[in-house]
Every structure is written in C-alpha cells, then in structure tokens.
Amino acid sequence: MMVLFIHGWRSYITNNYNQRNEIALRILLLLSIIDEPKTVDVIATFDLIITYGKYFQLSNSNLHGENPYYLAELTSRRILINNAIKFLVRNNFIQIYTTNNGFSYKINKKGISYVNKANSSYSKEYKMIVLNLKKYLKDYTDEQIVEKVSLMRRK
Numbered sequence: 015m016m017v018l019f020i021h022g023w024r025s026y027i028t029n030n031y032n033q034r035n036e037i038a039l040r041i042l043l044l045l046s047i048i049d050e051p052k053t054v055d056v057i058a059t060f061d062l063i064i065t066y067g068k069y070f071q072l073s074n075s076n077l078h079g080e081n082p083y084y085l086a087e088l089t090s091r092r093i094l095i096n097n098a099i100k101f102l103v104r105n106n107f108i109q110i111y112t113t114n115n116g117f118s119y120k121i122n123k124k125g126i127s128y129v130n131k132a133n134s135s136y137s138k139e140y141k142m143i144v145l146n147l148k149k150y151l152k153d154y155t156d157e158q159i160v161e162k163v164s165l166m167r168r169k
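Mapping of the sequence shown onto this note's numbering: residues 15 to 169, in sequence order.
Read the hints as simulated data drawn from the structure, not as lab findings. Heads up, the beta-carbon is just placed ideally off N, CA and C, and yes, glycines get one too. Be a bit skeptical, because a hint or two may be false.
For each label pair, taking beta carbons as the anchor points, the in silico distance ranges come out as [claimed, not checked]:
#	residue 1	residue 2	range
1	Glu80	Ile110	34 to 44 Å
2	Lys162	Phe117	20 to 30 Å
3	Thr112	Asp49	17 to 27 Å
4	Phe101	Asp153	25 to 35 Å
5	Ser135	Glu157	27 to 37 Å
6	Asn81	Asn114	31 to 41 Å
Derived DSSO-like pairs (lysine-lysine); straight-line CA-CA distance at most 27 Å [claimed, not checked]:
#	residue 1	residue 2
7	Lys148	Lys138
8	Lys120	Lys100
9	Lys141	Lys68
10	Lys100	Lys148
11	Lys120	Lys138
12	Lys148	Lys162
Whenever a hint applies, use it, and build me the whole structure from the sequences.
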C-alpha cells in the first residue's frame, strides 16, 4: 500500500481507488489543470476518461488497471465525485459557481497549494493524462464529451 501525505491530509491509494480522499485529490488535480468551473457530470466524465486513459488513447496504460466494464462505473462515480466535492467545498479547497448548467466547481488557492505538494507517481501520471485530455478537449464542448461517453455506455 502506498500512502500519500499532504499537510496531514492522508490519501490511501490501494486497490480500491474510490475512497473519498483519493477522489478528492483526483478532483483537485483535474481542476488545477483545467482551471475553469466544471459541473459534477463533467468532472465525473473527465475523471473516468483520465483513470482509463488507455481506452481513450490518452495514455499507454490505465491508472486503475484493465476493466472491460469501465463505462459502467460512470453512474456510481458521479455519486462518489459529488460526495468528494462536498468534502472539498466544506474544507475550502474549491469554490462553487452558479452557471446556466447548475453548480460548477473551480479550485481555489488552498486547493492549488495541496496540489503543488502532491508528488506521488500516481499524481504525476494523473496530471500528465489531464494535460493530454486538455489538448483533446480544445475541439469539443463539455457537453459533447459527456454525451460521447454516455453514448459509448449504451453500445
């Protein structure tokens, strides 16, 4: 088991990648690079794409291993992401914005401070895949990406 310490905030990275603190760290890593407010649906979809980056040609391997049913995780991931976002808001790591699409979330200075201390190989790989995703996203809206992944689930 690898343990990542960030100013007393612990995240256990084990075979179960969906612990609240680990998801919260992934959200912070994602938002630090995307650097614009995103909804829960967008964050959940992007996180799925990043953790299974090989399937989306963004990485040579999947951060969460091989899983032919990875698309089935999206529904439960939204719930887990929503809970982690509540934790991040309560602890002042991200800001809430009201948009036409509902609530959106953006990392703040405290969240950036935590991300700057995240130096595990997992964090570095996650950020690298986010950068690849960001390049890919320039040609698409958030809604198009969410819809594309949702359509993949139905096939």
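Structure-based check of all given hints:
1. Glu80 / Ile110: 34 to 44 Å: Given a distance of about 36 Å, which is inside 34 to 44 Å, the answer is holds.
2. Lys162 / Phe117: 20 to 30 Å: Holds - the Cβ-Cβ distance for Lys162 and Phe117, about 23 Å, lies within 20 to 30 Å.
3. Thr112 / Asp49: 17 to 27 Å: holds, 19 Å
4. Phe101 / Asp153: 25 to 35 Å: Holds: the Cβ-Cβ distance is about 33 Å, inside 25 to 35 Å.
5. Ser135 / Glu157: 27 to 37 Å: holds, 33 Å
6. Asn81 / Asn114: 31 to 41 Å: Roughly 34 Å apart at Cβ, these two residues keep to the hinted range, so it holds.
7. Lys148 / Lys138: holds, 15 Å
8. Lys120 / Lys100: At roughly 13 Å apart (the allowed maximum being 27 Å), Lys100 and Lys120 satisfy the hint.
9. Lys141 / Lys68: Holds. Lys141 to Lys68 sits at ~14 Å (cutoff 27 Å).
10. Lys100 / Lys148: holds, 25 Å
11. Lys120 / Lys138: holds, 20 Å
12. Lys148 / Lys162: holds, 16 Å
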